[in-house]
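For the record, the sequence lines run as chains C and X. Okay, so the first sequence: first residue is 1 according to the UniProt record's numbering, each after it adds one. Okay, so the second sequence: first residue is 1 according to the UniProt record's numbering, each after it adds one.
No lab work stands behind these hints: they were computed from the structure. All of these numbers come straight from a predicted model, not from anything done at the bench. Where hints are given, some of them may not hold.
Since the list gives no way to pick out one identical chain from another, each pair is judged satisfied if it fits inside one copy or across any two copies.
Quick list of in silico lysine-lysine cross-link-like pairs, DSSO-like style, CA-CA up to 30 Å [stated by the list, open to error]: (1) K64 <-> K511; (2) K144 <-> K77; (3) K137 <-> K457; (4) K587 <-> K56; (5) K587 <-> K331; (6) K20 <-> K457; (7) K20 <-> K511; (8) K511 <-> K331; (9) K137 <-> K20; (10) K587 <-> K77; (11) K331 <-> K144; (12) K457 <-> K56; (13) K457 <-> K331; (14) K587 <-> K457; (15) K587 <-> K137; (16) K511 <-> K56.
Number of protein chains: 2
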Amino acid sequence: MYRAPVEEIAFALKHVAGLKAAMDAGTFGDLGEDLVDAILGEAGRFASEEVAPLYKVGDRTGAKLRDGAVTMPPGWKELYRHWTEGGWNSLNGPEEYGGQGLPTMMGVATLEMWNSASMAFGIGPTLSMGAVEALEKHASEDLKSAYLAKLVSGEWMGTMNLTEPQAGSDLAALRTRAERSGDGTYRIYGQKIFITYGEHDFTDNIVHLVLARLPDAPAGTRGISLFLVPKFLLNEDGTPGARNDVFCSGIEEKLGIHASPTCTMIYGDGFAKGREPGAVGWLIGEENRGLACMFTMMNNARLLVGIQGVAVAETAFQKALAYANERRQGKASSYSGEGMAPIVHHPDVQRNLLTMKALTQAARAIAYSCAHAIDMARVSTGADKAHWQDRANLLTPLAKAFSTDVGVDVASLGVQIHGGMGFIEETGAAALLRDARIAPIYEGTNGIQAIDLVTRKLPLGNGEHVFGYVGELDGIAIAVAAMNSEAYGRTALILEQALDDLQSVTRHLQKQLGDGRTDDALAGATPYLRLFSLVAGGAYLARAALADGDERRIALCRFFAENLLGETAALKDRITGGTASLAAAAKALISA
Amino acid sequence: MYRAPVEEIAFALKHVAGLKAAMDAGTFGDLGEDLVDAILGEAGRFASEEVAPLYKVGDRTGAKLRDGAVTMPPGWKELYRHWTEGGWNSLNGPEEYGGQGLPTMMGVATLEMWNSASMAFGIGPTLSMGAVEALEKHASEDLKSAYLAKLVSGEWMGTMNLTEPQAGSDLAALRTRAERSGDGTYRIYGQKIFITYGEHDFTDNIVHLVLARLPDAPAGTRGISLFLVPKFLLNEDGTPGARNDVFCSGIEEKLGIHASPTCTMIYGDGFAKGREPGAVGWLIGEENRGLACMFTMMNNARLLVGIQGVAVAETAFQKALAYANERRQGKASSYSGEGMAPIVHHPDVQRNLLTMKALTQAARAIAYSCAHAIDMARVSTGADKAHWQDRANLLTPLAKAFSTDVGVDVASLGVQIHGGMGFIEETGAAALLRDARIAPIYEGTNGIQAIDLVTRKLPLGNGEHVFGYVGELDGIAIAVAAMNSEAYGRTALILEQALDDLQSVTRHLQKQLGDGRTDDALAGATPYLRLFSLVAGGAYLARAALADGDERRIALCRFFAENLLGETAALKDRITGGTASLAAAAKALISA
Chain C
1 MYRAPVEEIA FALKHVAGLK AAMDAGTFGD LGEDLVDAIL GEAGRFASEE
51 VAPLYKVGDR TGAKLRDGAV TMPPGWKELY RHWTEGGWNS LNGPEEYGGQ
101 GLPTMMGVAT LEMWNSASMA FGIGPTLSMG AVEALEKHAS EDLKSAYLAK
151 LVSGEWMGTM NLTEPQAGSD LAALRTRAER SGDGTYRIYG QKIFITYGEH
201 DFTDNIVHLV LARLPDAPAG TRGISLFLVP KFLLNEDGTP GARNDVFCSG
251 IEEKLGIHAS PTCTMIYGDG FAKGREPGAV GWLIGEENRG LACMFTMMNN
301 ARLLVGIQGV AVAETAFQKA LAYANERRQG KASSYSGEGM APIVHHPDVQ
351 RNLLTMKALT QAARAIAYSC AHAIDMARVS TGADKAHWQD RANLLTPLAK
401 AFSTDVGVDV ASLGVQIHGG MGFIEETGAA ALLRDARIAP IYEGTNGIQA
451 IDLVTRKLPL GNGEHVFGYV GELDGIAIAV AAMNSEAYGR TALILEQALD
501 DLQSVTRHLQ KQLGDGRTDD ALAGATPYLR LFSLVAGGAY LARAALADGD
551 ERRIALCRFF AENLLGETAA LKDRITGGTA SLAAAAKALI SA
Chain X
1 MYRAPVEEIA FALKHVAGLK AAMDAGTFGD LGEDLVDAIL GEAGRFASEE
51 VAPLYKVGDR TGAKLRDGAV TMPPGWKELY RHWTEGGWNS LNGPEEYGGQ
101 GLPTMMGVAT LEMWNSASMA FGIGPTLSMG AVEALEKHAS EDLKSAYLAK
151 LVSGEWMGTM NLTEPQAGSD LAALRTRAER SGDGTYRIYG QKIFITYGEH
201 DFTDNIVHLV LARLPDAPAG TRGISLFLVP KFLLNEDGTP GARNDVFCSG
251 IEEKLGIHAS PTCTMIYGDG FAKGREPGAV GWLIGEENRG LACMFTMMNN
301 ARLLVGIQGV AVAETAFQKA LAYANERRQG KASSYSGEGM APIVHHPDVQ
351 RNLLTMKALT QAARAIAYSC AHAIDMARVS TGADKAHWQD RANLLTPLAK
401 AFSTDVGVDV ASLGVQIHGG MGFIEETGAA ALLRDARIAP IYEGTNGIQA
451 IDLVTRKLPL GNGEHVFGYV GELDGIAIAV AAMNSEAYGR TALILEQALD
501 DLQSVTRHLQ KQLGDGRTDD ALAGATPYLR LFSLVAGGAY LARAALADGD
551 ERRIALCRFF AENLLGETAA LKDRITGGTA SLAAAAKALI SA
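All chains, full assembly: derive it from the sequences and hints.
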């Protein structure tokens, strides 16, 4: 059973990702450590005691579709109600609409806990919060006043409707139609797939944000508009009224996150009897500028999906550690007790557990640092704002892709530590792997994240922003070296080497892009994202260790450096030396 | 849908693993290429056309337990019958008992195909063949003549009963009791768990090989005996008669291989009404020497589970490649056709596909080479026999652990290539990952394999056998260098470096063991097994390329060297430099 690691989360927020310094500088008004700790403590209690116990019924029962209505697993509707009553949905919401206006960092940290307790539970509010952000930034005042307060409180939920069968990563291919109805509203027609929480019984209304094309729109991504399409049209008094012509026609049977309804949504097919076919929608932002609005949601959603990777890794680690302490097999020299040794004493099991813990904490530090950059961008102005916005943009693909890869790898190690029991569903270790496997895929596959990093983030600030960041990480390595402490082992040396690798590979990719050798750069994108993330994660673990000199933190950052950071050399080779053979082999073997 | 890669399998057997040279030398009598090709072709047809179509019903329906009887999925019983009628179960069986006496290599190659088509189908016969081997080597003539012919033909199936709730990796802890009944038979009492195909409706009888303790047996592994316990006792005429007191009390609900019944078996609990409680068993081999008998089965079963990793990786690759050719998203510079590019043209997808293919072929080459060593050991005498036996022993942990890790990694990459569709069960990509996940666990976890490699296999031949093998691999690297061909890129150089790493790390571990620093050696065991396997796999891919100079094989071995072999440096660091920090971190963080 998951126990929220409240102290570890608080420490990472404050001392690794920068919350403490920002609070000390008054950046977040009167937000102080006491309030931060109180919020995290209460969230931890709620996640551990109220969400986690409903994990299993969610996984086993799943969401059920019947006659267009989705029933959530037993107890889940009440759980959601308690959760919104606790104010957890409104944490980051704008104060004007009843939100608490707390930093993104707090939202991300609490979201980690909900997702650790149940990824299937966490993903619904994640997307709803994204809808809030898109509306707040781009919608008209009328739409905001009609919808935002209810979405912020969680009384209603929002969804993101992007994907169509032929349009997944490539949104240019989408075909859902929007027609002007003459009264300022639009009619939407088309089919969307993979719509998370597209239909459910949590709330009285569901507010769909839908990408569609107007008849006279240009082809490609410059012809996409964003619409708000509520499940129930609103009465004069703002309450849900007539059923809109949007229906769920199917839910997917998935590998994991069974309680999260993944819906096929049909717009404007006339299912709503007695009405003209066509789902009534309202434009958000300007016509044909929908993608820009959607990117507001997507960028944050990417970080929040990254947090799912951290979250499931944390739970998998806790579960594996508990099992390793309990399960006894064989002898171990470090165990002097009676009978067989708990397997936690076997060096091979220790390596797996430490790898799990180190990767989880590295991923957490990256994700929280990304959240910090988002917060700083929001409160800053001028060049500072641009700097922090660039930083958030740079870190988003790392936070999404690295963390979710870590989620899968750590969950898989967790299964392995359980031995045969890991393969039995009752144990719950396998369920975490099943859940974790979606996160590298949705909100932009990790391959797309790597392409985004190389082609859109390396050029930031004329290609200089990335080196500013690397310089900051280098400062950490130098600080470790300056400690001159045996406890850190070879951490400083290895970190310096890895930073050198990161720098030289970054220049290599920038040069390839500059020379128009885009395919070569793209061929190295995935190893580059991993290399970058390992270096950042290693540096952040060192920053954590330096922050208070705690023996455990030092041991973990040293373990990471001496056991995991060595991978960077191989990744560097793959990027600089491996792409020619990739092109040759692809030609000979797969696309011939 | 799986199509057996018959030519690739034949090539790997003949030109990488040594079958051709052995046949040319007359090692396997009149076995020649024509027969080999004919067998593989027909097996490929059967696997692709008869086994694979029943995969999905097996996964969806699973094996069902009711009133102690297990019903296999619809069509499976007939499938098994056709399969035994085709002679596939008897391929490696001893000729004296109706087997075809073909080399293990042929059994392994065909087993790969059954497992590619369905791991849940392949695992039953795998264990049954192990039972044949244990009986053939250790059982009395009476037992052999009563059981072997039926087990060889597949009319009956055999099982391995080792695991108990408290005794998984550590068999010393097992408690199942055996009592002498006075008439030469024994009565068995106890519970076994995780018994693969412990109960099913494929055959009229099931022959359990069961580890148990006699009342006066020494403690630990020197007090374990092996018994044959049939589901039905035999009548005078050898047909199944009275029900024995062994019953299946439950089957596990597992992550994957749903059609493989994983049974809890209760021995001697008196369920068989009207009889004295106690399952009637016959001793195999000598009292208290059961583990030695069981190791006969286990060693080969380890190789055969390794083949499951290769098998599922092959299927995952085929599925992903087909999807990547069909699915279109975005633009790619290498695609000049109309509309969106098939995703196989995207460099990142190509990297994933090539990684899948290269790892699969490397794992296959290692597994087949292990099978070759087993064959050579069987037909050799004197020093040659010892040499080949050592070689088989050395390669078994690599074949088991590396291949099954590859199975999981490749299946996971396959899910990723499918994008959102990969998470939908209907697509079938996720099912392969679910299936693959057991193979690193059963028949000795991969952690146990690594410990076996370091502590039992490195000392073989006074610690010299391993260097003889490395020397052979070095010969391949030298041959690549001698080609002096641009097409190989930096293959020779990288392979030489990796071989140097392997040698130095091997000496390092041998020294640690010699110095009694066992824990340090164990802490490096898993990275060492992977390092060893990557080097061997890389060398074998080069041997394949050298064998016929085929452009595709050269491209693949170069891709492996330039993209995957670089990992060896990091693994070396982890082994030589990482274990101190592991010990420190374990003390500080997890076993405190």
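Would you list, in rising numerical order, the hints stated earlier that this structure does not obey?
1, 4, 7, 10, 11, 12, 15 and 16
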